[in-house]
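Undergrad: One letter stands for each residue in the lines below.
Number of protein chains: 2
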Amino acid sequence: MATKKKQVVKKKQVGSTVKVALLGFGTVGSSVAQVLAASKFPGIELTHIFNRDVQRKRSSPGAKAVPASVVWTEDINDILNSKVDVVVELMGGLNPVEGWLRKALASGKSVVTANKQLIAYRGASLFKLAAANNVHLVYGAAVAGGVPVIPGMLQGLGGDQARRLSGILNGTCNYILNRMEGGADYATVLADAQQLGYAEADPSADVDGFDARAKLCILSRIALHAELNPDAVTTQTISTIEAIDFTYAKELNCTIRQVSQAERNGKAIHARVAPMLVPLSSPMAWSHGTQNMVVVSGRFGGDVVFSGHGAGGEPTAVAVVSDLLAVAQNCSSVQLPVRKREVTGEFMAPHYLRFVVDDKPGIVSAIAGALAKVGANIDSLLQTPGHPKHRLPFVVTTEPSLTSTIEKAMKSIAKLDCMLEKPLCLQILVPEDKSE
Amino acid sequence: MATKKKQVVKKKQVGSTVKVALLGFGTVGSSVAQVLAASKFPGIELTHIFNRDVQRKRSSPGAKAVPASVVWTEDINDILNSKVDVVVELMGGLNPVEGWLRKALASGKSVVTANKQLIAYRGASLFKLAAANNVHLVYGAAVAGGVPVIPGMLQGLGGDQARRLSGILNGTCNYILNRMEGGADYATVLADAQQLGYAEADPSADVDGFDARAKLCILSRIALHAELNPDAVTTQTISTIEAIDFTYAKELNCTIRQVSQAERNGKAIHARVAPMLVPLSSPMAWSHGTQNMVVVSGRFGGDVVFSGHGAGGEPTAVAVVSDLLAVAQNCSSVQLPVRKREVTGEFMAPHYLRFVVDDKPGIVSAIAGALAKVGANIDSLLQTPGHPKHRLPFVVTTEPSLTSTIEKAMKSIAKLDCMLEKPLCLQILVPEDKSE
Numbered sequence: 001m002a003t004k005k006k007q008v009v010k011k012k013q014v015g016s017t018v019k020v021a022l023l024g025f026g027t028v029g030s031s032v033a034q035v036l037a038a039s040k041f042p043g044i045e046l047t048h049i050f051n052r053d054v055q056r057k058r059s060s061p062g063a064k065a066v067p068a069s070v071v072w073t074e075d076i077n078d079i080l081n082s083k084v085d086v087v088v089e090l091m092g093g094l095n096p097v098e099g100w101l102r103k104a105l106a107s108g109k110s111v112v113t114a115n116k117q118l119i120a121y122r123g124a125s126l127f128k129l130a131a132a133n134n135v136h137l138v139y140g141a142a143v144a145g146g147v148p149v150i151p152g153m154l155q156g157l158g159g160d161q162a163r164r165l166s167g168i169l170n171g172t173c174n175y176i177l178n179r180m181e182g183g184a185d186y187a188t189v190l191a192d193a194q195q196l197g198y199a200e201a202d203p204s205a206d207v208d209g210f211d212a213r214a215k216l217c218i219l220s221r222i223a224l225h226a227e228l229n230p231d232a233v234t235t236q237t238i239s240t241i242e243a244i245d246f247t248y249a250k251e252l253n254c255t256i257r258q259v260s261q262a263e264r265n266g267k268a269i270h271a272r273v274a275p276m277l278v279p280l281s282s283p284m285a286w287s288h289g290t291q292n293m294v295v296v297s298g299r300f301g302g303d304v305v306f307s308g309h310g311a312g313g314e315p316t317a318v319a320v321v322s323d324l325l326a327v328a329q330n331c332s333s334v335q336l337p338v339r340k341r342e343v344t345g346e347f348m349a350p351h352y353l354r355f356v357v358d359d360k361p362g363i364v365s366a367i368a369g370a371l372a373k374v375g376a377n378i379d380s381l382l383q384t385p386g387h388p389k390h391r392l393p394f395v396v397t398t399e400p401s402l403t404s405t406i407e408k409a410m411k412s413i414a415k416l417d418c419m420l421e422k423p424l425c426l427q428i429l430v431p432e433d434k435s436e
Numbered sequence: 001m002a003t004k005k006k007q008v009v010k011k012k013q014v015g016s017t018v019k020v021a022l023l024g025f026g027t028v029g030s031s032v033a034q035v036l037a038a039s040k041f042p043g044i045e046l047t048h049i050f051n052r053d054v055q056r057k058r059s060s061p062g063a064k065a066v067p068a069s070v071v072w073t074e075d076i077n078d079i080l081n082s083k084v085d086v087v088v089e090l091m092g093g094l095n096p097v098e099g100w101l102r103k104a105l106a107s108g109k110s111v112v113t114a115n116k117q118l119i120a121y122r123g124a125s126l127f128k129l130a131a132a133n134n135v136h137l138v139y140g141a142a143v144a145g146g147v148p149v150i151p152g153m154l155q156g157l158g159g160d161q162a163r164r165l166s167g168i169l170n171g172t173c174n175y176i177l178n179r180m181e182g183g184a185d186y187a188t189v190l191a192d193a194q195q196l197g198y199a200e201a202d203p204s205a206d207v208d209g210f211d212a213r214a215k216l217c218i219l220s221r222i223a224l225h226a227e228l229n230p231d232a233v234t235t236q237t238i239s240t241i242e243a244i245d246f247t248y249a250k251e252l253n254c255t256i257r258q259v260s261q262a263e264r265n266g267k268a269i270h271a272r273v274a275p276m277l278v279p280l281s282s283p284m285a286w287s288h289g290t291q292n293m294v295v296v297s298g299r300f301g302g303d304v305v306f307s308g309h310g311a312g313g314e315p316t317a318v319a320v321v322s323d324l325l326a327v328a329q330n331c332s333s334v335q336l337p338v339r340k341r342e343v344t345g346e347f348m349a350p351h352y353l354r355f356v357v358d359d360k361p362g363i364v365s366a367i368a369g370a371l372a373k374v375g376a377n378i379d380s381l382l383q384t385p386g387h388p389k390h391r392l393p394f395v396v397t398t399e400p401s402l403t404s405t406i407e408k409a410m411k412s413i414a415k416l417d418c419m420l421e422k423p424l425c426l427q428i429l430v431p432e433d434k435s436e
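Quick note, the sequences are listed as chains A and B, same order.
Reading the first sequence from the start, the letters are residues 1 to 436 in full-length UniProt numbering.
Reading the second sequence from the start, the letters are residues 1 to 436 in full-length UniProt numbering.
Take these hints with a grain of salt, some might be off.
[As the list claims (entries may be wrong)] Not everything, but these chain B residues come out facing chain A in the computed CB check (under 7 angstroms): (1) Leu157; (2) Val304; (3) Glu314; (4) Val318; (5) Ala326.
[As the list claims (entries may be wrong)] Beyond 10 angstroms from chain B on every Cβ pair, some chain A residues (computed): (6) Lys128; (7) Gln155; (8) Tyr186; (9) Arg299; (10) Gln335; (11) Lys373; (12) Lys422.
[Said to hold, decoys possible] Below 30 angstroms or equal to it, Euclidean Cα-Cα: the simulated BS3-like pairs (lysine-lysine) are: (13) A:Lys360 with A:Lys340; (14) A:Lys40 with B:Lys40; (15) B:Lys128 with A:Lys267.
Please keep in mind that the hints were generated in silico from the structure rather than gathered at the bench.
The beta carbon of each residue, even a glycine, is placed where N, CA and C say it ideally should be.
Okay, chain A solo, but in the shape it has when bound:
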C-alpha cells in the first residue's frame, strides 16, 4: 500500500501563514514588496527586510509598499535567528550570501533566490542541504527574470528528452545587438546602455558572456540533467562585432545575437556563449530590446519557446513572488537525476568568417587554402560594394565544420600580411526543429 500513500495530495493548511524576510531592498526587492502589497496573497506575510543603510532605504519611494509592521535590519542575525519561514535573497554574488543561506537552510528556513551565480556554482550542494533539512530552495528568478522557463521546464517538460537548449539570456547584450542591427556602432550603444542602467560601468560580465553562462548552466541542469562547471563553458565577447557584420548577416538572411547554447552528445555536453548568426526565420531572431528567450529542443516535443522580459524589477519580482507562492503552498518540483558532465566548446556548425584586408591579389586563394588544409569547405563568399580597397571587409561562410577546425584555420589566416584586424569568426545557428 506504499503506492497509495505516495499519491495523496498534501493538504494545504488553511489559515496558516509563512513569514517572509527579504535580503536586499534594491530594484527587485522593492518590486517584490510592491507586488505582495498589490495582490495580498493569503498565507504570505512580509515580516523582515535586511539591507545596508536601513535609514535611507526606509525613506525611499520603494518602501511605501512595505507594511509598517515589517522589521528593518542591518544585522543578518536578526533574520537568521528569527522565526521567519522563508528567506528571499536578492543580493547576488557568492560571498557573504552563500554562508547566510546555508545557515538559513540548516535552521529549517526555505530559500527563494534570484542569484544565478549561487545556483550555477553552488547549486548541487545547496539542493542537498535543502533536501536534508526538508525545506525548499527555489530559484525561478535566477534565469530570464519574468519568463517562467524554469518552472515551465521543471513541471512541463520533464517527460521529454531535451537534445538542445538555446537561449538569449542576457538582456544587455540583446539590447546592444538590436541597436547595432539598426545601424548604431558598438561603442555608442554600450554608452547608451550604461546611461540607461542596462549595463554596468565594467560591462564585461554581460558583453563577455559570463552572466549568460551561469544561466546556461542552471538551465542545463534542468533540461539536460547535466551538472556543468560554469568556468569550463567557452565564452566569446560581443565587443568585436562591427556594424558591417550586421550588413553581411542580413545578406545571409540572418541577424546576430548573443546565444547561449548547450547540446547533448552522448555523455558530454557541448556548450558555448557567443555572438552567433541566427536566421531571421528562427525564434531567436524575434527577441527585441532587453527580451530574453529560451528554445528547448526535445526528442519528442520538438522546439518549445519561452520569451518575455528577462530583467527589470517587476518582471523579476513576478518570478520571486510566484516561487514564494509555491513555497507557501508547499508545492515541490519534479526532480530527475542529474549527473556531472564534461563540457566542450565544440560544435559542428557552419561558420561566418569576416576579414578586413588591404586588398591585393591572392588573398581569397590564401584563405581558401588555409580552410582546405583543415578540411573545411567554403559555402559562400560575400563582398558588398562601396568599400575602399585598402580597407576591405569581406566574408566567407563555411559548410558545417567543427569549431576547433575552423579556429585552427583562422589562426593561420590571421597571420597573413594583408589582415588589418583580427578576423572575426561566428558560429551560424542552425535550427533544430525542421518539422515546420
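Given the coordinates of chain A, assemble chain B onto it according to the supplied hints.
TA: Using the frame of chain A, we list chain B on its own:
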C-alpha cells in the same frame, strides 16, 4: 508553529512506484507508452490499457513499446476496481469519460487527462472532487499539447496579475491560415488539411472556434482566475476569410490568425475566438504550421510568450508524461482563488471591414455614413488595383470601437444593394505590451 509545518517539503518515498492505467490507445496513448519506454522513469509503471477492440490494438505497431506485463482490457471496471494509482485519460468527450473519472477520483485514484472539454465544462466540480479525495487531477495536455503553458502559468506566473490572454490554440486553423497567407484558397487548404489528418471530415469544431474556446476557458481559469461558461464565449468562423483578405492584411502590415482572447475588465471578462488581423511585429504572427502560441500580458511582468507544437502524438505525450511525473512525485500546483465570471464578446479595438461590391458612385459615402451614425471613425480606406468594377473588394479600417457598435453598423451596411457578399468584419489585435 503551524507555519513551520507548512513549509516542510514532503519527502519523496524512494523506491515506491505508481501504477498507471491508460484509457485510450490511439495516437497519443501509443506515444505515451513509447515515451515511458524510452525514458524508463523510476517510480512509474504502466500496468493497464483500456480500449475498444483490444485484439487489434495489441497487434498495432504502437503496441511494441508496451511491456508484456500490461493488462489490456475492454472493460472499464477492470481499471476502476484495480489497484491502479493514476488513470491517464486520452479518450476525449464528456460521456462516458466523466462518469468513469469521477469514480476513479472518488476511489482515491489520481487522474491525468488531455481532455479539454472535460476540464472546460466540468473542471470546477472535478477539482473539488479530487481535493475532497486528496488526489491529483492534472491536465497539462488539455491545452497546446507539448507547450508547457499550463504548468508554466501555474508555477511561474502566480505572482503576476494577468490582464489579458491571447492565444493561437487550434493548430488546424493555424495551418489553414498559414497556407492561405501563402496564396492558397480556403477550400483547397481545408481539403489538404483533411487529407493530412489535421482536420476532421466535419471541420466545424476547429474552424468555427469551438475547440479553441474550450482551451481559452481552461487558460482563463489559471491566468485570470475566472471560471467561464464556454458556451457563453463568442466565436467567429475562419471559413469566410478569402485570399483577398491576406492581400489587404499585408497592406496593413498584418496577417490573419484565429485568435483566442480573454481580457479582464473589472469583474467581467471579455472573451472571443475569432479570426483577427495581427501585426506582423506581434508574437502572434510568428506561429507557423500547426504551432500553438499563448501570450499572457501581466500587470507586472509584461508579455510572456509560450510557443511550440500544440498537437500530435509525441508533443502531447510529453505533456502527459510530465504530468505523470508530477503526480508520481506528489508535486501539487499553486492554487489561487477562482471566481465565476460573466463573459461578454465586446472588445474596444480597431476593426477591418471588407466589402465586395458592384461598384457605383456613393458606396463609400453610404458606408461612411453608417459608421458615422454609430459613432465609429474611419482610420483608412484601402483598394488595391486590378479588380473588376462589377466585383470590387475593398477595405475600411476603423479607429478603436466597441464590437457591438461596429456590428450594428455592419448590419445596415450589409443591406446596401451593391453588396455582392456578406461583408466581413475582423478585429485588429493591438499588442498589449508597448514597452519594447
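Undergrad: Kindly indicate which numbered hints from before are broken by the structure, ordering the numbers from low to high.
TA: 7, 9, 10, 13, 14, 15
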